[in-house]
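Using the hints, position chain B against chain A.
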Amino acid sequence: MADVLTFTPRGIYCPAGDFYIDPWEPVDRALITHGHADHARDGMGAYLATTTAAPVMRHRLGDIRLNTIDYGEVREIGDASVSYHPAGHVPGSAQIRVEVDGQVWVASGDYKTVDDGLSEPFEPVKCHAFITETTFGLPIFRWTPQDILADQINTWWAANAANGRYSILSAYALGKAQRLMRAVNADIGPILTHGAIENTNAILRAQGFTLPDTIRVTGDVNLKDYPGALVLATPSAIAGTWARQFGQAGTGFASGWMTLRGVRRRRGLERGFVMSDHADWAGLNSAIGATGAEKVFVTHGYTSQFQKWLISQGYDAHVVSTEYGAEDDT
Amino acid sequence: MKSFAALYARVDETTRTSLKVAALVDYFRTASDDDKLWTIALFTGRRPKRTITAGKLREWASEIVQIEPWLFEESYSIVGDLAETISLVLPDPSQHQNQSLTHWITYIKSLSTLDDEGRKAGILAAWDSLPDMQRFLFTKLLTGGFRVGVSAKLITKALAQATDQDAGVLTHKLMGGWTPETTTFADLVLTNDPTADLSKPYPFYLAYGVDVVDDLGPPADWNAERKWDGIRGQFILRGGEHHVWSRGEDLMTDRFPELAQLRDYLPDGTVIDGEVLCFASETPLSFNALQKRIGRQTVPKKLLTEAPVILMAYDILEHQGRDIRDQPLRERREILRGLLSDISTDAPIRLSQSVTFSTWDDLRHERSRSRELNAEGLMLKRHDSPYLAGRKRGDWWKWKVDPLTIDAVMIYAQSGSGRRANLFTDYTFAVWNGNELTPFTKAYSGLTDAEFREITAWVRKNTLQKFGPVRQVPPEHVFEIAFEGIQASPRHKSGVALRFPRMLRWRQDKPVSEANTLDDLNEMLKTYG
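Chains A and B, in that order, are what the protein sequence lines are.
Note that this note's numbering numbers the first sequence so that position 186 is 186, with each residue one more than the last.
Note that this note's numbering numbers the second sequence so that position 139 is 139, with each residue one more than the last.
Next up, chain B with everything else stripped away, as it sits in the complex:
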C-alpha cells in the first residue's frame, strides 16, 4: 500500500501529463503483478464490491472522534469526499503496518463474511494502522469511486511504455467486463488475445469539437452525418450472443432489450458503432424520451411501447468475425449499407444516412436544421479514415449546434465542495415573471477561478439570509446561461427543466431589468421542448 500511496501522491501532485505517466511507468516496472492488476482495475473504474455502507463508515468515524453526526456531515460537505473526510477527522494511527494494495483489498473482501461487529472491528483496526495517505486510499477502496485525475488513456500509455507494446492494442485488451478476480496481469496485459473474450468491445473513436469547418479542405473528402442525440453504443454479436456497451464501458444489454431482436437480422461476427435512441414513425425522438429509460436496469412494458429504442448505425468495426477498423470509412460504410439495405423495417436498426453537401455553406445550412431533427449537430469524418482508438484529432470532428441561451439573475449562492470548498460556486438563477423573479435552474460551471473568487467575495459581503449552506443574495448580477435542451417539468416552480445548464458569461454590462422572462422560457419550451 505504501508504494501505491506514493504513486497516488506523485500522480495527484502534478497537473503535467508527462510526470503522471512517468510515475505510472515507474510503478508498473516495480510493483507486483497482483498490485499492478488492481491498480489498472481501480484507475479504469473497476472497483471492488462494496462490503460496508457509507452510513456505517460515517457512524464509526464520528464515534471514534466523538463528534455528533451533524458535525461530521458539515465537514463532509466542505471536503466533498467521504474517504478524505474520514481520514482527516481520525486521530493519527497508533501503529504502522506495511502491507500491499492487494493485501488490503483481500482484507476488505474477507470482512464481507463477518457480522456487523466483526466488520467494524476490522475497519477500526485498519484505520488505526495506516498513516495519512494510505488510510485515505484504504477508505477510498471501501467507498468505491476512484477518480484521481488519471484517465484510462494515461494508464494505457504508461502501461504500454512499461510493457513495451502498442497503446492501441493494449487499449483493446483493457476493454470489457474483466475484473481482477477473473483474470491475471499476465493474461490480461501480456499474453491476452483480445478476441478470445467474445463480449469485449473495441475502444470507441471519439472526436474533438470544431467551430470553423472551412479550413478542413475539400468538402468532397468528408462524409457528414447527423450527430444524433442519444447514447453512443457499440453493438456486438458474436457466438450467437449479443452485448451492448456504452462509451463509458458500461454494459447496457439489459437496459435495451429490444436490441436482442438484432440477433435474428444480423450475421454473427458483427460489431456496429451507433447511437441508441428513441424512435417512432421513422423519426428520432428527442433526448427527453430516452431520459425516462436512462438509469433503469430493467424496463417496464409500458415504457417499451412508449419509448422504443433503435440502434442508429454509424459504422461497422467487425464484419464476418474480422476486425476491419483499418479499412477506410468509405469501405466500412459500404459494408454497413449492404448489411442493412434489405433488412426488414421491423428490425430495431437504421443506417445513419449521410448528409449530402457540396460546399461548406450547404453544410452550414444543414447544421442549422439540427434541432428540428432532434440532432445535436453534425459529425464530419474523412472518407479515408480508419477507426482509431480514443479521442484523436484530424480525421473526425463534431460540429455541434450552438447552445440555447438565456440571461438570468443570480438569487442564491452555495459553496462548492472538493476543489471548490471555500468558494461560492453553485448558483440558483431566476427569470422575471411580472415583477417577481422565478428560479428556474442551478449552474456551477463555466466561470474562471478569478470570476468565482470575485463573486465569492461579493456573496460574503452581500448575504441577505442564510438557509443552511445556501445564501440568499440581492438580485444584482446577470449571467448568460447556456443549455442543450429544455423540457416541461411539473416538479419545478418555473415549469421547465434544462439539460446541461452552465454559465456562458457573466453579463456585467447588463442591468437586472434586462434579464429574460418566464415567457421567453416558455417560448423556448414550445419551440425546442
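Chain A with its partners taken away, still in its complex shape:
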C-alpha cells in the first residue's frame, strides 16, 4: 500500500490529494496546522487552515487565498479525506488527519497535551501513522503545572511592583503572550504590551477570546502612569533598545527551555518560568500512545534520541528532515 503522506524537499506531501502540509517551499495547495512562521509561510497558491487560525494568518501573510475548515469537519481533497483536530499548541492550531483507502495518517504540527486555558485542548486522534514534533523529547523536560506557574509569576511580579520596578516578561506574540495574560492575576497591576503582541490581542479579541485589559506601549503612553506594570514583549524587542525605557526592570522569560539553568543564564534573564506550548516528555509519550499508531515519524527537536527511544518501546520510528523548529520554539 502506498504511503498516505510522503516527505519531500518542499514539505510533507499527500500524493492522493495532491497537497502539502506546512510546506517550506512555495506549492499550489498548502494545508496549514497553525499560524507560526515556521509552519505557515508565504508564497503558497492556496491555503487551508482552521476557522480560528485564519484571522492571524491573514494578518501575518497579507492577501492570501485562504479557505477555512472547522475542527472535525471532513473535506474530500482528491482521493484523500482530510479533517483538522485540536493540537492545543496555540489558538486555532490543529493536527491534520488524512485518510486514503482506510489508511489514516496524522500530522501533528506542534502540540501540547496540557490545557493552557486558552487554546482548544489537544484531542488524541487514532491513526496508523503519526507525524510528531519532539522539540522537548528528552526526559529532562517536565512541565510545571499551570497553577503553580501562575503563582510563581504573580509572586515575582508583585515583588517587583512593591519595589517600584516594572516586570518585563518575554513571550511570543501568538499564543504564549495571551496564555500568560490570562494566567496572571491582573489585580496586581496594569499590563502593558509591545505592539506585535497587542496586534495579535486585537485579532483574538475580535474572534471572541476573552483577554484582560492591556495597554499598548506607544510614544504617547506615559510609562510613569503605570508603575509596577507587567510588560509583555517579544524576545526580539527585549533584545533591542525597546526595553531600555523601563529602566532597571525585572526580566523574565516563559519557555520550556527555562528548564535548563544554562539557557536562562545565556539569555541574561533574572527569572525563567518553565512554560511551554509544546509537549514535555510525558506529554509526547502519552500523545503517541493514545494514537494507537505503530509507525511514528519525528520531524524536529531531539529527533535522533527520541527515535531511538521509540524503537526501544517497540515502535516503527523514523526521523524525517524538515525545516520546522527554530530556537524560537518555546
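Please note: incorrect hints may appear among the correct ones.
Stated by the list, open to error - Listed below are the simulated DSS-like cross-link pairs for lysine-lysine, each with C-alpha atoms no more than 30 Å apart in a straight line:
id: 1; chain 1: B; residue 1: K157; chain 2: B; residue 2: K398
id: 2; chain 1: B; residue 1: K56; chain 2: A; residue 2: K308
id: 3; chain 1: B; residue 1: K466; chain 2: A; residue 2: K308
id: 4; chain 1: A; residue 1: K308; chain 2: B; residue 2: K442
id: 5; chain 1: B; residue 1: K461; chain 2: A; residue 2: K295
id: 6; chain 1: B; residue 1: K466; chain 2: B; residue 2: K493
id: 7; chain 1: A; residue 1: K308; chain 2: B; residue 2: K120
id: 8; chain 1: B; residue 1: K526; chain 2: B; residue 2: K302
id: 9; chain 1: B; residue 1: K461; chain 2: A; residue 2: K308
id: 10; chain 1: A; residue 1: K295; chain 2: B; residue 2: K466
Simulated from the structure, these hints should not be mistaken for laboratory data.
Here is chain B on its own, set in the frame of chain A:
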C-alpha cells in the same frame, strides 16, 4: 538547606554584582556558623570528599525513572551538569525534610562508612525528600565542583560587609589549605590571625590587560619585566617548611620537588611571588616543556632532568618573617635582588630581570621580542606600587603579545552544553592541504551570542551528515582562529596542536579558497613551536 537553596537561587538569578553581594550579606547575617563556614568553603572551591562515584549516581537515577543509560547520557550531554540532569529526570519527592546545609553534608559523609547498598538507600531517601533546587544542590555536593557564578572575591566582599572587617585582611584569612573540618567560622573569619598558619599564602596581586601604554604617564615611573610563560606561583618558606601555591590556591609543592632545595639557599620567613617554569642553560624553555609536568602529582626522574623547573622571582612579599606588601615595589625588588645576588647558580631560582627602557617605543620593541624569549609579553608595574590583593586596576598591567592567527574553514559543528545547550557552538576547523581540507583544531569561544544563533540556524539547514552529536557541514565559512602557541603533535592528523585556540572573527568577507594552508601552519610550527 532551604535557606542555602534560597541564597543560591538569588545569586543565580541575577547578573548584577550588587544583588549577588546583597543576597550573600543577608545570608551571612542570618545563617548558622556551621552553614556559613560550609558556604564559604563551597564557594571558594573547597568541596566535601566524594563518597559516591558519578557512575553510581547516574545508574541509580536512571533506575528510578526506568530509562536506559544511553538516554540518561543523551540528556546529560544537553544539560551539561550531572547534578542538574539527575534532579531534572527524577520524579517529584514524596516527602519534605527541612534540614540544614551542614546536616546534609554530615549525612553524605556518614554514607562513606556504609556498603554500596547502604549508600544507595541513603541517596535515594534524600532524593525523595528534597524539592527541586535543594535536590539539585544536594546532588551537586555529591558530584563536587561548585561553580555558581560567585567568585571568591564576591564572597569576601559580602563576608567583609557582614562581619564588618577589611576585605584585604579577610582575603588573606580565607587563603590556604583549611577545610570546615579543620577550623570553625569563629577561628577562620572572626578571630583568626592569618600568620598563625605557616602554610598560608598571601592573596595574589593580578593585573588587567592593557593595549595602549602611551597613556600610562612617564616611563620612568614604571618597572617592566618579561611576562614569563609558566605557572604563577607563591613560594613560602616558614618554620623550616616550604610550600608552593598556585594562583588558583592549589598546593603544588610535591609537583615541583626541585624547589625543595631553596630551603638551603633562602632564609626562613621568606615569601616570593614568581613564575614556575622550565629552564635550561640559563634560558627559559617554552611552555610546551612545562606542559609535560602539568597534571602530574609526582614526577618521574627522567622528566626532572629533561624538564627541570626553577622559580623565576618577580616579587617578595615577606622578608625576615615580616609582611612587606605595603612597601613600594622599588624597595621590595631591592630586597629581592639582595637576597638572590650572591646565591649559587645551582639554586633553582632566578631574579626576573627588569627590562630597561626610556621611551614607550623602546618598550614596544622589547615586547616584539617576547616570543623568541619564550615570554607571553611584558608586565608593567609602578615603582611605588604596594602588593595588593586580587585583580586591581592602575598600578600593574599586563601587556601581552598579540596572538598568532590563522584563517580556517569550519567543517563540523557540535551543540554546546549548559549555557549553550541548544546552540551549535563547538566547531572543528580545517586548513587546505592541496585540494583537501585537513582538520587541525576545535574552538568554541569568541563569537557573540547573535553570531552563534546565526550559525546555528545555518547548521540546522546545511547538515551534510550526522555522527552522533556532530554535524558535518559544507565548507562555506571562514573564521580567523587566534591561539597562544603551537607544538608538534603526532596524535593529530594535522601534526600540530594549538594552545588556547578561539575564534577571533567570523570572516564573512573571505572566500573559502583564501583560507590558510597546512604549509602555513607548519611554517608557524617551525618559527614558534
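Hint by hint, here is what the structure shows:
| no. | hint | result |
| --- | --- | --- |
| 1 | B:K157 <-> B:K398 | 25 Å, holds |
| 2 | B:K56 <-> A:K308 | 24 Å, holds |
| 3 | B:K466 <-> A:K308 | 15 Å, holds |
| 4 | A:K308 <-> B:K442 | 28 Å, holds |
| 5 | B:K461 <-> A:K295 | 26 Å, holds |
| 6 | B:K466 <-> B:K493 | 21 Å, holds |
| 7 | A:K308 <-> B:K120 | 29 Å, holds |
| 8 | B:K526 <-> B:K302 | 26 Å, holds |
| 9 | B:K461 <-> A:K308 | 22 Å, holds |
| 10 | A:K295 <-> B:K466 | 23 Å, holds |
Checked against the numbered hints above, the structure breaks none of them.
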